[in-house]
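2 protein chains.
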Amino acid sequence: MLTCMDLRQLQNFVAVAAAGTVTGAANALGLAPASVSEQVRRLEHSLGVALFERTPRGMRLTDAGATLLTRARGLLDHADEVRRAVTGGRRRVRIGALEMLAAIRLPAVLRRLSARRPDLDVDVRPLTRQSLLAEVAGGTLDAALLLDLGERVGGLGFTPPADLDHLDVGEVRLWLVAAPGGAREPLLVSPSGCSIRLAADQVLGTRLPRRELTSIATAREWAKQGMGSALLPDFAVDPDLASGALVPLDPESGQAPELALRLVWLRGREPALRDVLYAMSA
Amino acid sequence: MLTCMDLRQLQNFVAVAAAGTVTGAANALGLAPASVSEQVRRLEHSLGVALFERTPRGMRLTDAGATLLTRARGLLDHADEVRRAVTGGRRRVRIGALEMLAAIRLPAVLRRLSARRPDLDVDVRPLTRQSLLAEVAGGTLDAALLLDLGERVGGLGFTPPADLDHLDVGEVRLWLVAAPGGAREPLLVSPSGCSIRLAADQVLGTRLPRRELTSIATAREWAKQGMGSALLPDFAVDPDLASGALVPLDPESGQAPELALRLVWLRGREPALRDVLYAMSA
DNA sequence: AGAGGGCATTCGGGAAAACCGTATGCTGAC
DNA sequence: GTCAGCATACGGTTTTCCCGAATGCCCTCT
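So the sequences go chain by chain: A and B.
The opening residue of the first sequence carries number 1 in this note's numbering; numbering runs sequentially from there.
The opening residue of the second sequence carries number 283 in this note's numbering; numbering runs sequentially from there.
No lab work stands behind these hints, which were simulated from the structure alone.
Remember, predicted model here, so these are calculated numbers, not experimental data.
Ideal Cβ placement from N, Cα and C applies to all residues, glycine included.
Some hints here could point you the wrong way.
Rough simulated footprint, nothing fancy, chain A against chain B, three-plus residues with beta-carbon under 8 angstroms [what the hints assert, rightly or not]:
| id | stretch |
| --- | --- |
| 1 | 319-332 |
| 2 | 342-350 |
| 3 | 360-372 |
Computed beta-carbon distance windows for the label pairs [as the list claims (entries may be wrong)]:
| id | chain 1 | residue 1 | chain 2 | residue 2 | range |
| --- | --- | --- | --- | --- | --- |
| 4 | A | Asp121 | B | Gly436 | 39 to 47 angstroms |
| 5 | B | Gly475 | A | Asp121 | 51 to 59 angstroms |
| 6 | B | Pro473 | A | Arg92 | 51 to 59 angstroms |
| 7 | B | Thr369 | A | Ala279 | 53 to 61 angstroms |
| 8 | B | Gly370 | A | Asp121 | 38 to 46 angstroms |
| 9 | B | Arg323 | A | Thr3 | 19 to 27 angstroms |
| 10 | A | Pro257 | B | Gly330 | 46 to 54 angstroms |
| 11 | A | Gly155 | B | Asp345 | 24 to 32 angstroms |
| 12 | A | Leu120 | B | Thr305 | 41 to 49 angstroms |
| 13 | B | Gly487 | A | Leu120 | 50 to 58 angstroms |
| 14 | A | Arg111 | B | Thr337 | 34 to 42 angstroms |
Computed list of chain B residues with no C-beta within reach of chain A, every gap over 10 angstroms [claimed, not checked]:
| id | residue |
| --- | --- |
| 15 | Asp288 |
| 16 | Gly302 |
| 17 | Leu311 |
| 18 | Gly356 |
| 19 | Leu388 |
| 20 | Arg393 |
| 21 | Arg407 |
| 22 | Thr422 |
| 23 | Arg466 |
| 24 | Leu490 |
| 25 | Pro491 |
| 26 | Glu494 |
| 27 | Lys506 |
| 28 | Ala524 |
| 29 | Pro539 |
| 30 | Ala561 |
Turn these sequences into a full structure, and let the hints guide you.
Shown next as structure tokens:
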């Protein structure tokens, strides 16, 4: 036990925990599986604790492993921060956002961030919610901006793949709209999996007759042509509401809650990252 | 720059910074000077920054080195905490105290600490103020309990060897005493360097006729025998005040301020350590 | 049931790094 | 001017790191 806890070992450990397999982690790290396996074993031996249960399908974290995982991430973050502090390197933050938000709502958020923290380099990548969550869980992304509902991550109807922390940085209002004088049915919905579709399922239930279209924009156009009603986010329908091409259907009380513009990240990341993320809120 | 910041390198770096020489650090670490030198050079190269100025008398920190030093300590502390969290190892805290405090005032402080934080193993070492400060600066001691005056560390008249944080955990009242009916002069003082002597110099000035004795206890005994007056801490004279063997001389207003029972530690140590230390305050 | 694929691990070897003891060059002190 | 103390360069040994190939395991698909 003379040799203790190398940062590289921790990096390997985190990679294995994220990938769930030694092989996957080795690929991600550009190493051979044998090397990663040995490093993990060495780490376990130096700590005197089993970090993984070996199964023929991969590696499952033990309790001690789970304990170490969050702390190891924090320590690696800390090390990174130290390195940056002394090299004067700028901090690079990798943020992902739902494609639908990237164009409309993201710029204002990023403007706030760069005004308050001009010392940052921000990478932005538009992705699907699944990819966002996977990359945040895997550490490829520092945080993700998506739509959600309620107090807990996943309230909109998806299940986060890891223990995520969150912060709401804005709101998105939903409008149930139709063309003036047009049909109110069916409910025109976007493809299953789309956040707005999840919101429609959550808010309006699934009993209404519905027609699935390929995108929010398509649903809006169909609605404008009187083909039914649609539950759409403010940024998609504001112009049409202003011009009168679409009119809000008087929702029953409480039928149109606001979605949260929600920033999520892996719980336990360094405090410095949290500060950065909080600088994105209004 | 493929290989980045090994914890062991940071340990070496901190040791060199503390010792001021590679040789000293090597002795402290149980390594050969050549090894330590190479590690430091490797670290500098991997960071792309010069950490030390090489002088023929030793190593002097550069600005970047000073920046790294505090953060490296913090990171090493963090790593230690992570290791403890997963191995379930108990935390060991090394505390030093002025010899004169160890017997009388330290037990109550430690009782508070172990009542609030039973998960700790506390090492206590009685030392002189010089040793205390040196060991805290060098990292051999986590914190030191000593006497001080005013808002800043060193207000009693010594200069701290590093950037120290502090917390006052109690007070020590000073009494200017003499035997009833005995002489009031000279002022009987303890050896220069002793905290109580510093306090006497600070509070009473140096104009009074004075006689230097070998210890506080000696000064008290001389005072009891009517050989002069002495400025003594409460814990040394309480019994004699109670019995009437010594009586307080009415000090001019504000002449007998209270000393602070002060806990000092190296600024930048991990937050977890701070929590421990705060648990020692009243 | 049997073959095949994905998995972690073991093994042997080669490259890199850590470490040591010694030797060298430097500077300030005596 | 010599000497002590310092950092460092050098050659050699031990340890670590990493790889490719081979092994054994278990699940799955046929």
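The hints, checked one at a time:
1. 319-332: This one holds; 3 residues, not fewer than the three required, reach chain A with a Cβ under 8 angstroms.
2. 342-350: holds (count 3)
3. 360-372: holds (count 8)
4. A:Asp121 to B:Gly436: 39 to 47 angstroms: 42 angstroms, holds
5. B:Gly475 to A:Asp121: 51 to 59 angstroms: For A:Asp121 against B:Gly475, whose Cβ atoms are near 53 angstroms apart, the range 51 to 59 angstroms holds.
6. B:Pro473 to A:Arg92: 51 to 59 angstroms: Distance hint for B:Pro473, A:Arg92 holds at roughly 58 angstroms.
7. B:Thr369 to A:Ala279: 53 to 61 angstroms: 36 angstroms, violated
8. B:Gly370 to A:Asp121: 38 to 46 angstroms: Given a distance of about 40 angstroms, which is inside 38 to 46 angstroms, the answer is holds.
9. B:Arg323 to A:Thr3: 19 to 27 angstroms: Cβ of B:Arg323 to Cβ of A:Thr3: about 21 angstroms, so the range 19 to 27 angstroms holds.
10. A:Pro257 to B:Gly330: 46 to 54 angstroms: 52 angstroms, holds
11. A:Gly155 to B:Asp345: 24 to 32 angstroms: Violated: the Cβ-Cβ distance is about 49 angstroms, outside 24 to 32 angstroms.
12. A:Leu120 to B:Thr305: 41 to 49 angstroms: 42 angstroms, holds
13. B:Gly487 to A:Leu120: 50 to 58 angstroms: With a Cβ separation near 56 angstroms, B:Gly487 and A:Leu120 satisfy 50 to 58 angstroms, so the hint holds.
14. A:Arg111 to B:Thr337: 34 to 42 angstroms: 49 angstroms, violated
15. Asp288: B:Asp288 is in fact no farther than 10 angstroms from some Cβ atom of chain A, at 6 angstroms.
16. Gly302: 20 angstroms, holds
17. Leu311: Holds, since 12 angstroms exceeds 10 angstroms.
18. Gly356: 8 angstroms, violated
19. Leu388: 32 angstroms, holds
20. Arg393: 31 angstroms, holds
21. Arg407: 25 angstroms, holds
22. Thr422: 19 angstroms, holds
23. Arg466: 58 angstroms, holds
24. Leu490: 51 angstroms, holds
25. Pro491: 55 angstroms, holds
26. Glu494: 48 angstroms, holds
27. Lys506: 56 angstroms, holds
28. Ala524: 52 angstroms, holds
29. Pro539: B:Pro539 clear of chain A: closest Cβ-Cβ about 39 angstroms, beyond 10 angstroms.
30. Ala561: 22 angstroms, holds
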